[in-house]
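*Asks:* Going down the list, the protein sequences come from chains P and B.
Counting in our numbering, the first sequence runs from -3 upward without gaps.
Counting in our numbering, the second sequence runs from 696 upward without gaps.
Honestly, the hints are just simulated from the structure, not real lab data.
Take the hints with a grain of salt, since some may be wrong.
Straight-line distance between alpha carbons at most 27 angstroms, and here's what the computed BS3-like set of lysine-lysine pairs gives [what the hints assert, rightly or not]:
| # | chain 1 | residue 1 | chain 2 | residue 2 |
| --- | --- | --- | --- | --- |
| 1 | P | K418 | B | K839 |
| 2 | B | K911 | B | K925 |
| 3 | B | K911 | P | K447 |
| 4 | P | K447 | B | K1101 |
| 5 | P | K418 | B | K925 |
| 6 | B | K832 | P | K459 |
| 7 | B | K839 | P | K411 |
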Amino acid sequence: MGFLWTGTWILVLVVHSSPIQAFPKPGGIQDKPVHNRELSAERPLNEQIAEAEADKIKQTYSPENKPSESNYSFVDNLNLLKAITEKEKIEKERQSIRSSPYDNKLNMEDVDSTKNRRLIDDYDSTKSGLDQKFQDDPDGLHQLDGTPLTAEDIVQKIATRIYEENDRGVFDKIVSKLLNLGLITESQAHTLEDEVAEVLQKLISKEANSYEERANKPTSKTESQTGKIPEKVTPMAAIQDGFANGENDETVSNTLTLTNGLERRTKTYSEDNFEELQYFPNFYALLKSIDSEKEAKEKETLITIMKTLIDFVKMMVKYGTISPEEGVSYLENLDETIALQTKSKLEKNFTDNISKLFPAPSMQSHEETDSTKQEAAKMEKEYGTLKDSTKDDNPGGKTDEPKGKTEAYLEAIRKNIEWLKKHNKKGNKEDYDLSKMRDFINQQTDAYVEKGILDKEEADAIKRIYSSL
Amino acid sequence: MAGRRGRALLALCGALVACAWLLGAEAQEPGAPAAGMRRRRRLQQEDGISFEYHRYPELREALVSVWLQCTAVSRIYTVGRSFEGRELLVIELSDNPGVHEPGEPEFKYIGNMHGNEAVGRELLIFLAQYLCNEYQKGNETIVKLIHNTRIHIMPSLNPDGFEKAASQPGELKDWFVGRSNAQGIDLNRNFPDLDRIVYVNEKEGGPNNHLLKNLKKIVDQNTKLAPETKAVIHWIMDIPFVLSANLHGGDLVANYPYDETRSGSAHEYSSCPDDAIFQSLARAYSSFNPPMSDPNRPPCRKNDDDSSFVDGTTNGAAWYSVPGGMQDFNYLSSNCFEITVELSCEKFPPEETLKSYWEDNKNSLISYLEQIHRGVKGFVRDLQGHPIANATISVEGIDHDVTSAKDGDYWRLLIPGNYKLTASAPGYLAITKKVAVPYSPAVRVDFELESFSERKEEEKEELMEWWKMMSETLNF
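Whole structure, please, built from the sequences with the hints as guidance.
*Replies:* Here is the structure:
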C-alpha cells in the first residue's frame, strides 16, 4: 500500500532524527537530498550485491547499537540507513523471484484497481518523486510484499528506539518536524505511524514471548490458511501477560493501582461477549473503559469497526493477498495502536471521528474522511495548546488525565516514603510514622480540597494510595 | 480477481486503521494538551522536572507532585483568585511549612505577572521540584536554605493572561496578547504609586518606608485594583517578607529600584536609599546567568537601548520609567526588598528552549535566595524578654527603616561595612549599637528596650535611694 513511499519517508525521517534534541542543524537538512536521490533510482546490481554482504555484518552490529542510540547520533543513523537500504535491495531481489507466479494477477490489479491507486495516491504526496517509483513498478507485489519488508526494517529500528525510550514522543517530534518542514503530508504521517506502531507491537510481543515458553511462537512461519487467527489465542495471552510485565504505565490501565489493572485485564479475557474480540485485550479494555451509558453508540461503532477489520483481514488471507502472519500481525498492531492512541484521546475525539469514520465503506468517503482528518490534525497541530481545560476539569470525561496524574502523584509519594524511611532510620519509628503520615495526608488533602488546591478525586486518589501502603 | 479485491480490502483496511490512528492523532501533536504531554514528559524529564509549558491544570499538578514528594518541607496555599477564578497558587518550602519560625526570614519569588512572559512561570515550577529533589538528596546548600528560610514560590500571578497567551496558535506569540489580566489591566502598573509620595517626602521631609496607610481605603475599596493586585498586597502585608524577585521576560537584565523617574522623564537614574545593596542583590542574580552577565551580548533587539545595563543589572528608572510597579511597592510599603528580573529576550519562547533557560538560571535562582542571609538580623525585646513588634530599626546614613515582625524579629540587608543601628519603639527608649557587617552571613544584633515607664520607675527609685542616703547622712 503506502509502504514504499512510507519507507522512503522513514529514511528521510531517520536522517532527521539526529538533530531531535536540539534545534535542527543545517547539516541534517543537507543530507536529505542525497538520500532521496539514492532511493529514486535503482542502484546498479553489483553495488547491491556488494552491500548485501556488507549488510550481513551491519545487521549484527546495529541491534547492539540500539541500547546506546538514545543520542540519535548521526553515525548510527547512517548505519541504520545503510542497513535498511541493503536489506531493501536484498528483499526486493528475493521478492521479485517470489512474485513471478503472481504477475498476471497483479498486472490485472494494476489495470483494474485504479480506484485503489487513487486512494493510495491521496496518502502519497504527489509532490514526492517517489510516486514515480510506485507507479512505474510493473510488479504489483512489490508494494505489498517486497517493499513492506524494507519499510519494516526501517520502521523496526524506529520502533525499537521508541520502545527503548519508552516514549512515543520521540516519534511525535520527528513527525512534527517533518510536517513543519513540509516534507510529508498529514496522511503520510499517519500511515507512517501505522507502520511504526505495527512494529512496536511486534517488538513488545516478541519481548513478551521471550518470557513465555518457546513453544508458542507468535510469528511462526507455518504457511497455513485462514485458521491462523484462532491459533493466535494462546500467543495473545502471552502477549497480554507480556504487556503486564512490560511497560505498565504505557499500556491501558483502567484503574488506579497497577495490580487492579492486571486483574481487570485477565478478567476481560474470560468474560468475553464478542468471540473474536477477545483476542484483542487492549481493544477489549478500551471497550470497557467507554462509559456504557453515555457512549453506547460509540461502543457499538467501535465493535463494528473491529469486526469489519477482522473480516477484511480474514478475506485477504483467504485470497492469498497477504500471508497469514501478516494478517495476524496487522490485527495485533491494530490492537496495540488502539491501546496506545485512544487511551489518551478517547473522550475527546471519539464522537467526532467515529461518526466520520462510518459514513460508508466507499472509497470516496474515505478520501473525504482522510482530508477532514488531515484538516483536523493540521488544525490541532497549529492550535497546539488551544484547548484550555482550565475551568472544565471534566471529572467524568477525562478518564485518562487522572491516570497520568495519578502516576505522577504515585511517583512523588513513593519518593516521599523512601525519603521518610531513610530519614527515620535512626528513629526506628517507621510504622508509627506511616500511620501518622496517613492522618496528616488525609487532613491536608481535605484542607486543600476546601481551598480549591486539589480536586475531590485527586484527594481521594492520594488518600487511597496512602491507605494502600 | 481475488487478488484485486484483496488489495482493495487491504487498502480499505489500511484506511480504517489510519482512521483508528487518527482517533488519537491529536495526542501526538507537539502542543497537545495534558494527556499527550504527559507521555512526552517522560522523554524530557530530568528527576521529575519536565521541561515543558504547564497550563493551569498542569501547574497545579506539578505543585501537588512536589508537595506529595516533600510533604515534610512543603505546603501549597493560595493567596486569592484571579479575575477568572484561577487560584493564585503558592508553594512554600521550609522545615516547618505553614509556620513563621521566629528569626527565620521569608523569601518570595513571583513569576508570570505578565501572562505572556512565560519563562519565569516555568522556571519557578522547575525550581520547586529542584529544591525538593535536592533536599531529599541531602544537598547541603539546599538543606541549609530550607531549614533557615521560608521560601514562597508563586509561579504565576496572572494565570488568566497565561492561558490567553498560551492559546495562541503557532510558536510565534504576540508581544502583547496575554500580558494583562483578564480585565485588561497591566498588573505591573496597577499597584498604588508610592514612588510619587516618596519623591514628595524627599523634598518636603517625610519617611521613606511603610507609606501605605489605610489599607482598607487604598486597597480594598479601590475599584481600580485588579483582584490579583489586591491579593498580592494582602500577601505582602500579612507575611514579613525580607527579599523577593519578580520574574519577567522580554529582555535579559536584573532591574532594581526605583522604577519611576524622579523628574517624570522617560528615563533617568533614580536611586533609592538602598542603592548599594540593591546593586549587590541584582548582581547576585545576574552574575550566575551567563548570557545576562555577558558584557558582549548584543541587545535583544537591534534598536534596543541597553546603555543603562551594567554587569547584567540596571536601575529601573534609568532603563525606562515604570509607575505603579510591584517592585517599588514592596520597598515602599513593607520591609521587603524586591528586584525585577527579565529572563529572556523572547517573552514566550519555544518549549524546547525551556531546559536551557533552566540551566542558565538555576544557579542564579539559588544564589539570589542565599542573599537573604546577609546584613544584620535579630530580635527587639523589652526588658522582660517580651518581643516588641513593629519596632523601628534604622541605619545611620540610609534613609530607609525596617520594622520588626510579630515576634520582634527583624532583618536588615546591608552590604559589608560598619554601621550604627538604632532600634526604637513608641514608649521605649531607643538604643543604638555599632555593627561591623561582613558579606555573609548575617550578624546577630538583639535589642532590649526599656520602656519610658520603666525608666521613670528607675529614676524614682534612684531618687529615693539618694534621698535615703542624704537623710541618713544628715540625720533627718
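*Asks:* Against each hint, give a clear statement of whether it holds in the structure.
*Replies:* Do the hints match the structure? See the list:
1. The straight-line distance between the Cα atoms of K418(P) and K839(B) is roughly 19 angstroms, inside the 27 angstroms bound, and the hint therefore holds.
2. Under the criterion of a C-alpha separation no larger than 27 angstroms, the hint pairing K911(B) with K925(B) is consistent with the structure, at around 11 angstroms.
3. Between K911(B) and K447(P), the direct Cα distance comes to roughly 24 angstroms. Compliance with the 27 angstroms bound is thereby established for this hinted pair.
4. A C-alpha spacing of about 26 angstroms is found between K447(P) and K1101(B), which places the hinted pair at or below 27 angstroms, so the restraint holds.
5. Pair hint K418(P) plus K925(B) does not hold up; C-alpha atoms about 43 angstroms apart against a cutoff of 27 angstroms.
6. Restraint check: the Cα-Cα separation between K832(B) and K459(P) comes to about 26 angstroms, which is no more than 27 angstroms; the hinted pair holds.
7. Between the alpha carbons of K839(B) and K411(P) the distance comes to roughly 21 angstroms, so the proposed pair stays at or under 27 angstroms and holds.
Going through the hint list in order, the structure does not satisfy hint 5, though it satisfies all others.
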